[in-house]
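J.: Sequence:
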Amino acid sequence: MDPAFWNQRYAGDRCVYGEAPNAFVAQMASHIPPGPVLCLAEGEGRNALHLAALGHAVTAVDQSEVGLAKARRRAGARGLVLTTVVADLAAWRIAPAAWAGIVATFAHLPPELRRQVHAAAAQGLQPGGIFLLEAYTPAQLRFGTGGPKSPELLMTLADLRAELAGLQFLVAQEIERDVVEGDGHTGRGAVVQIAARRLGEHNEMI
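Numbering (the working numbering), first residue to last: 1 to 206.
Everything labelled a hint here was simulated from the structure, so no lab data went into it.
A hint or two may mislead.
Unchecked claim - Just the calculated beta-carbon pair ranges, DEER-fashion:
#1 HIS31 with GLY79: 21 to 31 Å
#2 PRO151 with ALA91: 19 to 29 Å
#3 THR156 with GLN123: 19 to 29 Å
#4 PRO151 with PRO34: 36 to 46 Å
#5 GLY76 with ARG115: 32 to 42 Å
#6 PRO96 with LEU141: 19 to 29 Å
#7 GLY200 with ALA119: 36 to 46 Å
#8 GLY166 with ARG93: 12 to 22 Å
#9 ARG73 with PRO3: 12 to 22 Å
#10 PRO148 with ALA119: 18 to 28 Å
For glycine and all other residues, C-beta sits at the position ideal for the given N, C-alpha and C.
Generate coordinates for the entire structure from the input sequences, incorporating the hints supplied.
T.: As C-alpha cells, then:
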C-alpha cells in the first residue's frame with residue numbers, strides 16, 4: 001500500500017479509524033514517562049493528539065500527507081502542538097535513545113521491514129521508555145473486520161518477542177476483543193498487544 005492508497009483513504013473530513021485514540025494506547029499511556037513520543041504509521045493522528053493532550057511533545061510519522069494534514073488541523077482546533085513527518089518507514093531513521101515513548105498501532109509492514117523498524121524502535125527508546133503496539137494476528141483473517149488480507153503482514157506474539165529483544169515486557173498477549181475504531185476497524189478482532197520498557201544501562205528497572 002503506497003502513499004496514493006492512503007491519501008485516497010484519508011481524503012474527506014471523517015476520520016477513517018475514528019477520532020478517539022486506540023483503546024490499548026489510552027489504557028497504557030500513563031506508563032509512558034515524561035518526554036517526547038514518536039507515533040509510527042500514525043495516519044490521521046488519533047493517538048498522537050491524545051498523547052499531546054497528556055503533555056508529551058509528539059512527532060507523528062506517516063507516508064500519507066493527507067492523513068497528517070488532517071492531524072495538524074485537528075491539533076490546531078484543540079490548541080495542541082504536533083510535529084508531523086511525511087516519510088516512508090523504509091527510509092526514515094528512528095534516532096537512538098531519543099524517545100520516552102514509541103507507539104505503533106496496526107502498523108502492518110512487510111516482515112523484513114517490520115523487523116528493522118521494531119529493532120530500531122527498541123533502540124530508539126530512552127532508558128525507562130515505553131513501546132506500545134497493537135496489531136492484528138493471523139487469526140484476524142477469520143473475522144474480516146479490518147486489517148490486511150495477507151497473512152505475512154499480520155503479527156504473532158512469538159515474532160514480536162524476538163523483534164523486540166532486550167525490552168522488558170509489561171504486557172504481551174494475544175487476545176480477541178471488540179475493536180471499534182471508525183469505519184476502518186469495527187467488530188470482533190484478534191489482536192496482539194505489547195507494552196515493553198527499555199531498561200537502564202545496568203539492566204535495573206527505571
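J.: Now, for every hint given, state plainly whether the structure supports it.
T.: Right, here's what the structure says about each hint:
1. HIS31 with GLY79: 21 to 31 Å: holds (25 Å)
2. PRO151 with ALA91: 19 to 29 Å: Holds - the Cβ-Cβ distance for PRO151 and ALA91, about 26 Å, lies within 19 to 29 Å.
3. THR156 with GLN123: 19 to 29 Å: holds (22 Å)
4. PRO151 with PRO34: 36 to 46 Å: holds (39 Å)
5. GLY76 with ARG115: 32 to 42 Å: holds (36 Å)
6. PRO96 with LEU141: 19 to 29 Å: violated (35 Å)
7. GLY200 with ALA119: 36 to 46 Å: For ALA119 against GLY200, whose Cβ atoms are near 19 Å apart, the range 36 to 46 Å is violated.
8. GLY166 with ARG93: 12 to 22 Å: holds (19 Å)
9. ARG73 with PRO3: 12 to 22 Å: Cβ of ARG73 to Cβ of PRO3: about 19 Å, so the range 12 to 22 Å holds.
10. PRO148 with ALA119: 18 to 28 Å: holds (21 Å)
Hints 6 and 7 from the list above are not met by this structure, while the remaining hints are.
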